[in-house]
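A.B. asks: Spelled out, the chains give:
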Amino acid sequence: MPTIEIAGREIDVNEEGFLTKFDQWDEAIAKVLADQIGVEMTDEHWKIVNFLRTDYKTAGETATSRRVQVVGGFPVKDQFALFPKKPAKKMAYIAGLPKPKGCV
Amino acid sequence: MTTTMTKPAIVPNFGSDDAPTRKMAIICSKGNLDMAYPGLILANAALGEGVELHLFFTFWGFDMITKSRMNHLQFSPAGNTALHMPGGDAHIPQAIAPAMTGMATKMLKKQIADLGVPEVPDFLDQIVAAGGHLWACRMSADMNKLELNDLRDDVEGIISASDFIEMTENAQLLFI
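Those sequence lines, one after another, are chains G and Z.
Counting the first sequence from 1 gives a position; the working numbering is that position plus 20.
Counting the second sequence from 1 gives a position; the working numbering is that position plus 30.
Hints in this document: simulated from the structure, not taken from any laboratory.
Heads up, some of the hints might be wrong.
Lysine-lysine pairs mimicking DSBU-like chemistry, simulated, CA-CA at most 30 Å apart [what the hints assert, rightly or not]:
no.: 1; chain 1: G; residue 1: K121; chain 2: G; residue 2: K41
no.: 2; chain 1: G; residue 1: K67; chain 2: G; residue 2: K51
no.: 3; chain 1: Z; residue 1: K53; chain 2: G; residue 2: K119
no.: 4; chain 1: G; residue 1: K121; chain 2: Z; residue 2: K53
no.: 5; chain 1: G; residue 1: K97; chain 2: Z; residue 2: K139
no.: 6; chain 1: G; residue 1: K105; chain 2: Z; residue 2: K60
no.: 7; chain 1: Z; residue 1: K60; chain 2: G; residue 2: K97
These numbers were taken from a predicted model, which means no experiment stands behind them.
Just need the whole structure built from these sequences, with the hints factored in.
C.D. replies: This is the structure:
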């Protein structure tokens with residue numbers, strides 16, 4: 021598996037660039053990841069990213085957009101406004117999680 | 031001597047944030063509960079991939095957007111000879127299939143809910159919130175004597191077949 025270097029640290033990623041080790045993530049890394057895909061992090065972005073991290077720990081898989089709305093309480097419309105075009109994948113990427121597997 | 035090596039960043043390709051490069055239209059022509067879902071699931075997935083998405087409701091698919099009917103879609107084993115008993119190989123005899131609609135509907139709804147997938151009206155709410163467009167078929171409206179105010183408020187219009195063809199220029203089409 022490839023690695024990337026962020027702030028002098030070696031980070032494991034998959035061939036697409038998604039982080040593969042949950043514990044290698046921190047907010048500084050998230051900021052760099054967000055920057056790389058043109059997302060400027062605000063409080064609203066952080067709330068969703070932090071929800072995804074917490075939810076992953078209990079659910080064992082990345083929340084879909086539907087779950088981010090129903091369980092996290094962040095409406096789908098807001099997700100699209102904050103993470104344009106491909107919210108589910110972008111949120112997962114910044115949160116250092118795998119792409120969501122669920123269909124809905 | 032030390033050399034600094036900069037590793038090339040591996041960044042997923044999420045496309046650009048400009049106008050969508052891909053457009054899809056899904057024609058929903060069935061009003062059975064089990065045939066309502068495929069179009070909605072694909073529509074929702076397309077929107078999540080940044081694709082411009084139009085849903086066109088026609089014939090029995092009209093029930094999915096008609097206020098008086100959209101909460102009562104059913105799943106019937108009648109005519110579905112492929113259907114077997116849940117968890118087993120035994121097929122449901124067609125002679126008793128029509129009588130099993132109520133039970134089959136209830137079971138399917140539960141299986142769908144268990145996966146965290148919303149009911150049809152709620153699913154359409156989510157599709158619209160994600161930027162999807164809903165259109166109603168002119169002929170179906172005329173046949174059923176329905177007007178725009180009989181349909182979900184977010185249906186953008188009742189349009190003719192030629193309006194639809196014009197609107198979906200260069201779109202990928204799916205008929206369900």
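A.B. asks: Sort out which numbered hints this structure fails and list those numbers smallest first.
C.D. replies: none
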